[in-house]
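Visitor: With chain A held as given, fit chain B onto it using these hints.
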Amino acid sequence: MTVDFLVLALLTIITASTPLVFAAIGEIVVEKAGVLNLGIEGMMIVGAIGAFAVAVTTGDPTLAIIAGALSGLVLAFIFGFLTLFLLSNQVATGLALTIFGIGFSALLGHGFVGKTFSGLPKLNIAGLSDIPGIGPLLFGQDALVYLSVASAIGVTWFLGRTRWGLAVRAVGENHDAAHSIGFSVTLIRLAAVLFGGAMAGLGGAYLSLAHTPLWVENMTAGRGWIALALVVFASWKAWRAFFGAYLFGGITIIQLHAQGFGVDVPSQILSMLPYLATIVVLVLISRDDTRARLNAPACLGKSFHASG
Amino acid sequence: MKRFSKLAALTVAALATATMAMSGGAQAQSDPLKVGFVYVGPIGDHGWSYEHNQGRLAIEKEFGDKVKTTFVEKVPEGADAQRVISQLATSGHDLIFTTSFGYMNPTLRAAKKFPKVAFEHATGFKRSDNVATYSARFYEGRHVVGLIAGKMTKTNIIGYVASFPIPEVIRGINAVAIAARSVNPDVRIKVVWVSSWFDPGKEADAAKTMIDQGADIIMQHTDSPAPIQVAESRGVWAIGQASNMSAFGPKSHLTAIIDNWSPYYVARTRAVLDGSWKSGDTWGGFKSGMVQMAPYNSAVPADVVALAETARKGIIDGSVHPFAGPFKDQSGKIVVPAGEIAPDGMLLGMDFYVEGVDSKIP
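Protein chains in written order, with the working numbering: chain A, 2 to 309; chain B, 73 to 434.
Quick caveat, the hints were computed from the structure, so don't treat them as lab data. Predicted, not measured: the structure shown is a model, and the values here were computed from it. Even glycine gets a Cβ: it sits at the ideal position worked out from N, Cα and C. Hints may contain errors.
Unchecked claim - Each pair of labels, with its calculated beta carbon distance range:
1) 323(B) to 4(A): 35 to 45 Å
2) 137(B) to 100(A): 33 to 43 Å
3) 346(B) to 115(A): 50 to 60 Å
4) 137(B) to 280(A): 54 to 64 Å
5) 307(B) to 263(A): 20 to 30 Å
Claimed, not checked - In silico DMTMM-like pairs for lysine to aspartate or glutamate, Cα to Cα no more than 25 Å straight-line:
6) 116(A) to 304(B)
7) 226(B) to 5(A)
8) 323(B) to 174(A)
9) 106(B) to 353(B)
10) 323(B) to 61(A)
As the list claims (entries may be wrong) - Some residues of chain A that are not near chain B, with every Cβ distance over 12 Å (derived):
11) 139
12) 184
13) 214
14) 305
Just chain A, with the same shape it has in the complex:
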């Protein structure tokens, strides 16, 4: 196995993992604020078509990325308005958001089926990007890959080290207490939900701009649900979600490689591995009741009303 081959395999793993990183890290902030948004899949797919439509129409990758984030954000706003202001059930609203997003994106994307886009430009630093091995891996990615790494670091820092991060966690752990010391529970949650939407939108944008630069209906193919599982897998820690996403992407690609090499392992078992890993982690973290409670935000999924 040569270095070149390993580099190529790692590059494929990065592209497979990046959409999951965005969506999972966004959802961590949402859930840390005590909101369960099951609409990741819907926000991702709308982000994918939003970004792709702008990419094809304007040809500008930067505008396309912004459009992807904004599309996810708009969908998240609908969710936030319904669950935070009208106090609708978060589980049902989130599911509805996914179904709505898939249908709505198909409608929006009607005129974009069969169009192509050249893909996101890759960073190219003379000298650095050409170093064999680490050059293409570290210095030859597109902007979204770097942004996904930055978001994992940024969210870890924000939640753990900043005053507003503490406010987000307080709102998620005990909204009554947070309210009583003067935090606006609803507005903090709305901000978290919008952030989650923008991140899911970026994940979708990565799919339609970089992973497979095209638009086809339902192209997220369940990645939003994997991201949701990753949040639990990572026990609500951003850096763990980052590695979880790479583990997921890695197992997916390794099983494809194993098949290509004719390794005599049933491909169904290999396809099952990422999901099996999630279940194992779920069992492990919920084995100890106190630890499970420490990890999961205590007010997750509960509506808040100031009068209550």
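Guide: Chain B alone, transformed into the frame defined by chain A:
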């Protein structure tokens, strides 16, 4: 864990609410014949369901006011399918096309309840008085692309993105292997199963994986054009699936095997209109026009085009058969000896790889 059981239950409920898309057929003065279609993918998949929808449009074009067509897309194979099929039958459809293998049992059960409705099930093998089956001999097209691939490959590795290990897919892989090795005995076929008919991301990853492992020709038995795009960006060749996918890889797309359901759909609709419809089985290929080749890329040398066209014409006049012996299975045992042709029964139930395929059947 409560949230996950809740999530699972709600997801099931959500899936059960399959979206219904009604197409606006022309309104007729008299009672038009209502023709229903059930698709497994979105009509925008640019592959399988797209081509079935082209067949539906051909019916509308041919019969105008005399027919009214309806389609339901993205119907999961299984219990939902039966509900959708029955609903089409209840709402007065006289002819219903169910266009995926997994609709076989749902179609038969619905047909039992609605004996006056004519059902047409694609790629299945179970029939009844009011359920006819039809499929296309895609392997004839696979033979032609196998010849082209055998001639065009430099690394002697063909990468094959596969969906599910059913005879239909295995037959295609074998047809490619036999044809490619007949012009280039060093060719090996790598197969990667993605366990989906339609997952652009996974299809792209599978294509990348095989290119990393040395494949310089990518073929697919999945429905999205994503593998073609990967081939284009990595500078290797690709073969399109189900419809002409050259827009996704102008340089890399050598040709595509096109499913052309229109003549069959028009003929069966006419049969219902004039009362001559009968159940039966149709397995058409190049000869009946059900399988066609997309235009060859200009990068294909003239002698290779000539080879491909000779094979295609040979299949039409019967002088060439993609599964003519001798060929061996993976263990080297002769399956069909020289001078014989694999019978349709063997083709329909094909569950082994021929020599030259590197993987094992999952």
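Visitor: Against each hint, give a clear statement of whether it holds in the structure.
Guide: Verification of the supplied hints:
no., hint, result
1, 323(B) to 4(A): 35 to 45 Å, "28 Å, violated"
2, 137(B) to 100(A): 33 to 43 Å, "35 Å, holds"
3, 346(B) to 115(A): 50 to 60 Å, "37 Å, violated"
4, 137(B) to 280(A): 54 to 64 Å, "56 Å, holds"
5, 307(B) to 263(A): 20 to 30 Å, "25 Å, holds"
6, 116(A) to 304(B), "15 Å, holds"
7, 226(B) to 5(A), "19 Å, holds"
8, 323(B) to 174(A), "56 Å, violated"
9, 106(B) to 353(B), "22 Å, holds"
10, 323(B) to 61(A), "24 Å, holds"
11, 139, "19 Å, holds"
12, 184, "25 Å, holds"
13, 214, "6 Å, violated"
14, 305, "18 Å, holds"
In summary, the structure is inconsistent with hints 1, 3, 8, 13 from the numbered list given earlier, while agreeing with the others.
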